Amino acid sequence: MNIGIKSWLDERFGLSGITDFMTKKTVPLHKHTIWYYTGSAILLFFAIQVVTGFMLVLYYKPTLEMANESVARIMNEIPLGWIIRSVHSWSASFMIAFVFVHLLSIWIAKSYRRPRELTWMSGVLLLLISLFFGFTGYLLPWDDLSFSATKVGTDIPRAIPVVGVWVTKLLRGGEDVTGDTLTRFFGIHVCMLPVFLFILLAIHIYLVQKQGMSLPLEAEVKQEKVKEIPFWPNFVFRETVVWLLLVGILFSIAIFFPPSLEKAADVMAPAPEGIKPEWYFLFLFQTLKIFPAHVLFVSGETLAVLLMFFAAVLFFFLPFFDNKPTLTKGKIITSLAFVFILYALVMSVWSLL
Amino acid sequence: MTLARPSFLILGFLFLFLLAWIGAPYCPAQQDVEQAVTSDLPEKQEPEKIIGAPQDIKQKTGIWVFVVWMWVSILVLVYFLRWKIKEVDRLYQLRYFSAKKN
Amino acid sequence: MKLKHSLFSRRQFLNGLIGGWVGAFLASLVYPVVKFIFPPYKEPDEAILPLADFQDMPPNSVKNFAWGSKVGLVKKNDDGTYFAFVGVCTHLDCNVTYRNEQRKFFCACHDGWYDENGINIGGPPPKPLRRLTLVIAGEELIIKKESPDGTS
Chain A
1 MNIGIKSWLD ERFGLSGITD FMTKKTVPLH KHTIWYYTGS AILLFFAIQV
51 VTGFMLVLYY KPTLEMANES VARIMNEIPL GWIIRSVHSW SASFMIAFVF
101 VHLLSIWIAK SYRRPRELTW MSGVLLLLIS LFFGFTGYLL PWDDLSFSAT
151 KVGTDIPRAI PVVGVWVTKL LRGGEDVTGD TLTRFFGIHV CMLPVFLFIL
201 LAIHIYLVQK QGMSLPLEAE VKQEKVKEIP FWPNFVFRET VVWLLLVGIL
251 FSIAIFFPPS LEKAADVMAP APEGIKPEWY FLFLFQTLKI FPAHVLFVSG
301 ETLAVLLMFF AAVLFFFLPF FDNKPTLTKG KIITSLAFVF ILYALVMSVW
351 SLL
Chain B
1 MTLARPSFLI LGFLFLFLLA WIGAPYCPAQ QDVEQAVTSD LPEKQEPEKI
51 IGAPQDIKQK TGIWVFVVWM WVSILVLVYF LRWKIKEVDR LYQLRYFSAK
101 KN
Chain C
1 MKLKHSLFSR RQFLNGLIGG WVGAFLASLV YPVVKFIFPP YKEPDEAILP
51 LADFQDMPPN SVKNFAWGSK VGLVKKNDDG TYFAFVGVCT HLDCNVTYRN
101 EQRKFFCACH DGWYDENGIN IGGPPPKPLR RLTLVIAGEE LIIKKESPDG
151 TS
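Respectively, the protein sequence lines represent chains A, B and C.
Take our numbering: the last position of the first sequence gets the number 353, and nothing is skipped along the way.
Take our numbering: the last position of the second sequence gets the number 102, and nothing is skipped along the way.
Take our numbering: the last position of the third sequence gets the number 152, and nothing is skipped along the way.
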């Protein structure tokens with residue numbers, strides 16, 4: 001019976017091409033194979049975000065008057081609403097954490113070497129989209145903390161010369177953070193970003209399949225024959241084990257450590273104490289804080305933001321800088337990854353003190 | 001395989017136990033919401049903070065049952081999947097070697 | 001009776017077991033999802049209204065009140081007594097209106113007609129308007145769901 005359905009679909013879609021490819025695709029087995037699991041883990045958490053997001057959007061009301069109240073309703077009135085919200089909130093953190101792990105593993109293993117430059121660049125854009133997902137989602141409960149954090153976050157682009165003011169106005173939907181900002185962030189979070197992410201993800205995944213799994217640099221250099229296992233079913237079964245464990249950990253944490261909801265933001269109130277962005281922005285937040293108010297003739301903030309922007313651009317084009325991976329330049333770039341890890345950790349912890 | 005099984009289960013239950021130990025103080029935390037309801041006398045008092053939590057004992061038990069069921073399922077499925085992985089790995093190796101011989 | 005050959009191979013058994021358990025696990029996830037998507041709607045047990053709002057109604061007129069998220073209708077009869085209905089057409093849920101000159105309730109959606117007691121008399125409505133019990137207690141009007149034995 002199954003065979004009948006398969007051939008029926010194959011006659012119309014030509015699926016046999018895909019299924020043949022899936023059986024032929026192999027995954028190299030070596031001591032760094034574990035990092036191959038990070039990509040699909042991100043996909044798992046994103047799928048959970050979509051499902052829980054679909055559910056939350058049934059009750060969430062994206063207006064200044066109703067946002068906080070609707071989240072309170074989800075937590076108190078709607079059956080098990082607090083679990084769905086908790087899963088959504090934790091899965092966001094898990095997803096971004098794995099995005100960073102994935103990125104760092106690619107950076108250190110130099111998997112972006114030719115011909116995988118576009119995979120890296122689409123990946124960097126995916127990172128930015130993921131961070132923007134987190135940023136826009138953070139405002140939606142509209143409590144004092146998220147309101148203030150958004151005020152700060154949308155003020156930062158203002159430091160960029162010439163275009164900065166326009167970027168801030170674009171994000172806020174005006175001069176200040178208002179109900180318009182909330183509605184705008186909601187539309188971005190629920191409508192625009194998913195579309196952009198799907199397009200980039202399709203490109204990213206297509207490239208990975210087309211070019212096959214990358215090998216570690218040493219294996220390529222020494223031309224050694226690396227043991228391989230078929231993607232289907234061997235690697236997929238292994239991935240499933242990883243997914244099951246991740247889902248278990250996520251749900252357990254979400255059920256026992258659900259996020260709370262503060263009362264609705266008071267636009268007139270002074271900023272609450274202890275204001276901070278989500279954990280993945282802490283190191284940037286602290287970097288901004290350590291710059292002095294003025295450096296020569298530019299404001300410290302402008303300098304910091306420009307430096308960050310410059311670093312991001314360099315980062316985007318990293319495969320082209322790292323074109324001779326075996327030489328000293330290559331080794332320096334690898335060590336920069338560890339410098340970044342250390343920097344991010346130190347800055348994040350410092351910002352919490 | 002037999003070596004793997006008991007340690008797996010023990011690790012799994014240890015994890016559950018630790019989670020319960022750490023998570024227990026967070027579970028029945030409903031004071032703020034309850035306060036807001038009972039002190040609803042002259043004016044409507046907005047609760048300072050709403051903490052997500054199960055509403056009654058039925059929900060609390062339901063959640064515990066679910067968490068235990070989830071982990072039991074995961075451990076069972078992982079156990080079986082490890083068998084399946086060994087099986088498909090073995091099959092792949094056999095085919096590989098037999099193809100070479102021919 | 002002992003079978004000569006087993007009904008399925010060990011591989012099939014294992015696959016079936018895994019598939020079945022995965023199915024059961026996913027099914028257990030469906031329950032909270034469904035509960036979330038279909039929140040319980042509770043009809044109110046009673047509505048307490050100030051009598052003052054309804055005292056000065058002319059006879060043969062209707063005033064509405066909130067019955068949960070539906071519209072409720074209080075009708076003052078010619079003899080000064082009150083009826084209470086759920087003002088929702090029993091055909092396809094539109095809100096009905098009262099035509100005092102004709103002494104009939106009318107549903108504009110599909111031309112449904114009910115008489116002054118809420119009995120369906122014309123058009124598609126299959127049942128009379130749902131009655132609610134109405135009791136005057138001091139300064140208040142207490143409206144409740146109709147009791148099963150039909151007494152108002």
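FYI, nobody ran anything at the bench for these hints, they're computed from the structure.
Here the structure is a predicted model, which is why all the values come from computation and not from measurement.
Wrong hints could be hidden among the right ones.
[Unchecked claim] In silico lysine-lysine, DSSO-like type, Cα no more than 27 Å apart, as pairs:
| # | chain 1 | residue 1 | chain 2 | residue 2 |
| --- | --- | --- | --- | --- |
| 1 | B | Lys60 | C | Lys70 |
| 2 | B | Lys58 | A | Lys6 |
| 3 | A | Lys61 | C | Lys42 |
| 4 | B | Lys58 | C | Lys42 |
| 5 | C | Lys2 | C | Lys63 |
| 6 | B | Lys49 | A | Lys61 |
| 7 | B | Lys58 | A | Lys25 |
| 8 | A | Lys31 | B | Lys86 |
| 9 | A | Lys61 | C | Lys70 |
| 10 | A | Lys31 | A | Lys331 |
| 11 | B | Lys49 | B | Lys60 |
| 12 | A | Lys276 | B | Lys49 |
| 13 | B | Lys86 | A | Lys225 |
[What the hints assert, rightly or not] These stretches of chain B come out as covered by chain C in the derived footprint (C-beta under 8 Å, 3 or more residues):
| # | stretch |
| --- | --- |
| 14 | 62-72 |
| 15 | 80-93 |
[Said to hold, decoys possible] Quick list of the computed label-pair ranges, beta carbon to beta carbon:
| # | chain 1 | residue 1 | chain 2 | residue 2 | range |
| --- | --- | --- | --- | --- | --- |
| 16 | A | Phe13 | C | Val34 | 48 to 54 Å |
| 17 | C | Gln12 | A | Lys329 | 54 to 60 Å |
| 18 | C | Lys35 | A | Gly187 | 27 to 33 Å |
| 19 | A | Met192 | C | Asn95 | 34 to 40 Å |
| 20 | A | Lys329 | C | Val33 | 50 to 56 Å |
| 21 | B | Thr61 | C | Lys2 | 40 to 46 Å |
| 22 | B | Asp56 | A | Val226 | 52 to 58 Å |
| 23 | A | Met66 | C | Glu139 | 48 to 54 Å |
| 24 | A | Val51 | B | Tyr79 | 33 to 39 Å |
| 25 | A | Trp166 | B | Thr61 | 53 to 59 Å |
We treat Cβ as the ideally placed atom computed from N, Cα and C, and that holds for glycine.
Hint by hint, here is what the structure shows:
no. : hint                           : result
1   : B/Lys60 - C/Lys70              : 33 Å, violated
2   : B/Lys58 - A/Lys6               : 45 Å, violated
3   : A/Lys61 - C/Lys42              : 22 Å, holds
4   : B/Lys58 - C/Lys42              : 19 Å, holds
5   : C/Lys2 - C/Lys63               : 78 Å, violated
6   : B/Lys49 - A/Lys61              : 19 Å, holds
7   : B/Lys58 - A/Lys25              : 49 Å, violated
8   : A/Lys31 - B/Lys86              : 19 Å, holds
9   : A/Lys61 - C/Lys70              : 22 Å, holds
10  : A/Lys31 - A/Lys331             : 20 Å, holds
11  : B/Lys49 - B/Lys60              : 21 Å, holds
12  : A/Lys276 - B/Lys49             : 18 Å, holds
13  : B/Lys86 - A/Lys225             : 22 Å, holds
14  : 62-72                          : holds (count 3)
15  : 80-93                          : holds (count 5)
16  : A/Phe13 - C/Val34: 48 to 54 Å  : 31 Å, violated
17  : C/Gln12 - A/Lys329: 54 to 60 Å : 56 Å, holds
18  : C/Lys35 - A/Gly187: 27 to 33 Å : 28 Å, holds
19  : A/Met192 - C/Asn95: 34 to 40 Å : 38 Å, holds
20  : A/Lys329 - C/Val33: 50 to 56 Å : 52 Å, holds
21  : B/Thr61 - C/Lys2: 40 to 46 Å   : 44 Å, holds
22  : B/Asp56 - A/Val226: 52 to 58 Å : 57 Å, holds
23  : A/Met66 - C/Glu139: 48 to 54 Å : 35 Å, violated
24  : A/Val51 - B/Tyr79: 33 to 39 Å  : 27 Å, violated
25  : A/Trp166 - B/Thr61: 53 to 59 Å : 55 Å, holds
Checked against the numbered hints listed earlier, the structure breaks hints 1, 2, 5, 7, 16, 23, 24; every other hint is satisfied.
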